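Line by line, the protein sequences give chains X and H.
Taking the UniProt record's numbering, I'd label the letters of the first sequence as residues 1 to 105.
Taking the UniProt record's numbering, I'd label the letters of the second sequence as residues 1 to 105.
Source of the hints: derived by calculation from the structure; they are not laboratory data.
Remember, it's a predicted structure, so these values are computed and weren't measured experimentally.
No residue lacks a Cβ here, since even glycine has one placed at the ideal position from N, Cα and C.
Worth double-checking, as some hints may not be accurate.
Said to hold, decoys possible - Label pairs and their computed distance ranges (CB to CB):
(1) 19/H - 21/X: 19 to 29 angstroms
(2) 97/H - 99/X: 31 to 41 angstroms
(3) 19/H - 97/X: 19 to 29 angstroms
(4) 75/H - 25/X: 33 to 43 angstroms
(5) 24/H - 51/X: 14 to 24 angstroms
(6) 90/X - 77/H: 22 to 32 angstroms
(7) 99/X - 29/H: 15 to 25 angstroms
(8) 90/H - 29/X: 24 to 34 angstroms
(9) 24/H - 47/X: 21 to 31 angstroms
(10) 16/H - 21/X: 40 to 50 angstroms
(11) 97/X - 102/H: 19 to 29 angstroms
Said to hold, decoys possible - Stretch by stretch, here's where chain X covers chain H in the computed footprint (C-beta under 8 angstroms, at least three residues):
(12) 28–34
(13) 55–65
(14) 73–84
One-letter residues, chain by chain:
Protein chains: 2
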Amino acid sequence: MSILHIASFRWKPEVAEIDIARLTDALNEMRAGIPEIRSYVVGPNLHLRAGGADYGVAAILDDGAGLDTYLDHVDHKAVYEKYLGWMIAERSAVQLPISAGAFDA
Amino acid sequence: MSILHIASFRWKPEVAEIDIARLTDALNEMRAGIPEIRSYVVGPNLHLRAGGADYGVAAILDDGAGLDTYLDHVDHKAVYEKYLGWMIAERSAVQLPISAGAFDA
Chain X
1 MSILHIASFR WKPEVAEIDI ARLTDALNEM RAGIPEIRSY VVGPNLHLRA GGADYGVAAI
61 LDDGAGLDTY LDHVDHKAVY EKYLGWMIAE RSAVQLPISA GAFDA
Chain H
1 MSILHIASFR WKPEVAEIDI ARLTDALNEM RAGIPEIRSY VVGPNLHLRA GGADYGVAAI
61 LDDGAGLDTY LDHVDHKAVY EKYLGWMIAE RSAVQLPISA GAFDA
């Protein structure tokens, strides 16, 4: 059983497009150095429906230890301190159990 | 390019375990009748990290039309009206683009 970690964010009003683009680049660069992250997708909400949040993160990890490795990683903390932290007005996160091969496009 | 739709919820204080179990059963039953939902996982937050929300939904659809089919489906509206709607204190949802085979455990 793997872990699907999902997080959505609403930004503060002063957050600009360039801040969001830099965050996305930084998260993807960070991910390349954390092999415990099995799958990863981050980015602005596509806003296919009304009323959604501004930004999303979805990560697949093997287990809770992998999730801790990701979220407590020095590179994740660096992204948080340099980019993400000041941008957040609201954050909502959940972990759900998924089976290998059972959650894919 | 497929769509990953993620939603997280915080419940009202009066929501009980039995309400959450009935919602989960109803969502999984609903999903079985909506083939546009390619992958689906719902359930209470595993709470592997501090500060998370109460419940999560993650769905993979082929495109925005598939997402509309799911969220506007009569069976989805029925689950909302009978179970989900009254339970919600806060909801946060995002759609992200994913590639087939690139987001899996």
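Results for each hint:
{"no.": "1", "hint": "19/H - 21/X: 19 to 29 angstroms", "in the structure": "41 angstroms, violated"}
{"no.": "2", "hint": "97/H - 99/X: 31 to 41 angstroms", "in the structure": "23 angstroms, violated"}
{"no.": "3", "hint": "19/H - 97/X: 19 to 29 angstroms", "in the structure": "20 angstroms, holds"}
{"no.": "4", "hint": "75/H - 25/X: 33 to 43 angstroms", "in the structure": "40 angstroms, holds"}
{"no.": "5", "hint": "24/H - 51/X: 14 to 24 angstroms", "in the structure": "23 angstroms, holds"}
{"no.": "6", "hint": "90/X - 77/H: 22 to 32 angstroms", "in the structure": "27 angstroms, holds"}
{"no.": "7", "hint": "99/X - 29/H: 15 to 25 angstroms", "in the structure": "19 angstroms, holds"}
{"no.": "8", "hint": "90/H - 29/X: 24 to 34 angstroms", "in the structure": "31 angstroms, holds"}
{"no.": "9", "hint": "24/H - 47/X: 21 to 31 angstroms", "in the structure": "27 angstroms, holds"}
{"no.": "10", "hint": "16/H - 21/X: 40 to 50 angstroms", "in the structure": "44 angstroms, holds"}
{"no.": "11", "hint": "97/X - 102/H: 19 to 29 angstroms", "in the structure": "21 angstroms, holds"}
{"no.": "12", "hint": "28–34", "in the structure": "violated (count 0)"}
{"no.": "13", "hint": "55–65", "in the structure": "holds (count 6)"}
{"no.": "14", "hint": "73–84", "in the structure": "violated (count 0)"}
Hint check: violations occur at hints 1, 2, 12, 14; the rest are consistent with the structure.
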